[in-house]
Amino acid sequence: EAGVAQSPRYKIIEKRQSVAFWCNPISGHATLYWYQQILGQGPKLLIQFQNNGVVDDSQLPKDRFSAERLKGVDSTLKIQPAKLEDSAVYLCASNLGTYNSPLHFGNGTRLTVT
Amino acid sequence: GENVEQHPSTLSVQEGDSAVIKCTYSDSASNYFPWYKQELGKRPQLIIDIRSNVGEKKDQRIAVTLNKTAKHFSLHITETQPEDSAVYFCAAVNSGSARQLTFGSGTQLTVLP
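Quick mapping for you: the protein sequence lines, in order, are chains R and C.
First residue of the first sequence? That's 1 in my numbering, and the numbers climb one at a time after it.
First residue of the second sequence? That's 1 in my numbering, and the numbers climb one at a time after it.
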């Protein structure tokens, strides 16, 4: 089966600029997650979707981050305006939605804010 | 919410020795505990998982143990090989309706030839 696809792989922007990341989950996976992984740390959940609805966005900095999952498939994560501390790898993951359904990660987008 | 602590942060072992990584969790209702391996520049990949109704699970050189009373679980790698070198993350699924994974901070395992 095809894995979770993400683009771009790398992005360098200046602070206060905007950036968008795209994710295509594994076909049939109802649940989609965006994680932020800062260097040397574990992935931290930003937002969780079930189909096209938001299940949890309590850890998403909503003043600058936004995400959507139109039609319950692809998802985009946007940052506007970016700050230096947003430099991280942004990982998209998906699973079937049951509690013990393995989480499949994409390769991530490495964002550098200068 | 769930809090997962992982130790040690770095671990070096000689090839052929065993490695043990330990994690504790805070939510007594958590019932699923996966372990992920992340090689440099690559995605985290699931290597083994355990549900709360079992105390131990093995898959070749890898085993995971769970102590629900103490709220801790451990990853054991035997006969380590250089290709086992990576960052290992433990995680726990919370008991809330959203059923999310909370990750530990990671352990950098280095297997010395």
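Just so you know, these hints were derived from the structure itself, not from any lab.
Each hint should be verified, as a subset may be incorrect.
[Stated by the list, open to error] In silico DSS-like links for lysine-lysine, alpha-carbon gap of 30 Å or less:
hint: 1; chain 1: R; residue 1: K62; chain 2: C; residue 2: K58
hint: 2; chain 1: R; residue 1: K15; chain 2: C; residue 2: K71
hint: 3; chain 1: R; residue 1: K44; chain 2: C; residue 2: K57
hint: 4; chain 1: C; residue 1: K42; chain 2: R; residue 2: K83
hint: 5; chain 1: C; residue 1: K22; chain 2: R; residue 2: K15
hint: 6; chain 1: R; residue 1: K78; chain 2: R; residue 2: K44
hint: 7; chain 1: C; residue 1: K68; chain 2: R; residue 2: K44
hint: 8; chain 1: C; residue 1: K58; chain 2: R; residue 2: K44
hint: 9; chain 1: R; residue 1: K44; chain 2: C; residue 2: K42
hint: 10; chain 1: R; residue 1: K44; chain 2: C; residue 2: K22
hint: 11; chain 1: R; residue 1: K62; chain 2: R; residue 2: K15
hint: 12; chain 1: R; residue 1: K78; chain 2: C; residue 2: K42
| said: Given the hinted pair K15 (chain R) and K71 (chain C), is their Cα-Cα distance within 30 Å? | reply: violated (42 Å)
| request: Decide if the proposed pair is consistent with the structure: K78 (chain R) and K42 (chain C), CA atoms, cutoff 30 Å inclusive. | output: holds (22 Å)
| Satisfaction of hint between K42 (chain C) and K44 (chain R), Cα-Cα up to 30 Å | Holds - the C-alpha atoms of K42 (chain C) and K44 (chain R) are around 17 Å apart, at most 30 Å.
| Holds or violated: are the alpha carbons of K62 (chain R) and K58 (chain C) at most 30 Å from each other? | violated (42 Å)
| field | K42 (chain C) paired with K83 (chain R) [C-alpha distance capped at 30 Å] | value | Between K42 (chain C) and K83 (chain R) the Cα gap is close to 24 Å, so the pair holds against 30 Å.
| task | Starting from K62 (chain R), check that the Cα of K15 (chain R) is at most 30 Å away, please. | result | holds (17 Å)
| said: Would the hint linking K22 (chain C) and K15 (chain R) be met if the CA-CA limit is 30 Å? | reply: violated (38 Å)
| said: With the threshold set at 30 Å, check whether the alpha-carbon distance from K68 (chain C) to K44 (chain R) stays at or below it. | reply: holds (24 Å)
| request: Take a quick look at whether K44 (chain R) and K57 (chain C) sit within 30 Å of each other, Cα to Cα. | output: holds (26 Å)
| said: For a C-alpha distance cap of 30 Å, please report whether K44 (chain R) and K22 (chain C) respect it. | reply: holds (19 Å)
| Does the alpha-carbon distance linking K58 (chain C) and K44 (chain R) stay inside the 30 Å limit? | holds (28 Å)
| Given the proposed pairing of K78 (chain R) with K44 (chain R), does the C-alpha separation stay at or below 30 Å? | Within the cut-off at roughly 16 Å; holds.
Comparing the model with each numbered hint stated earlier shows that hints 1, 2, 5 do not hold.
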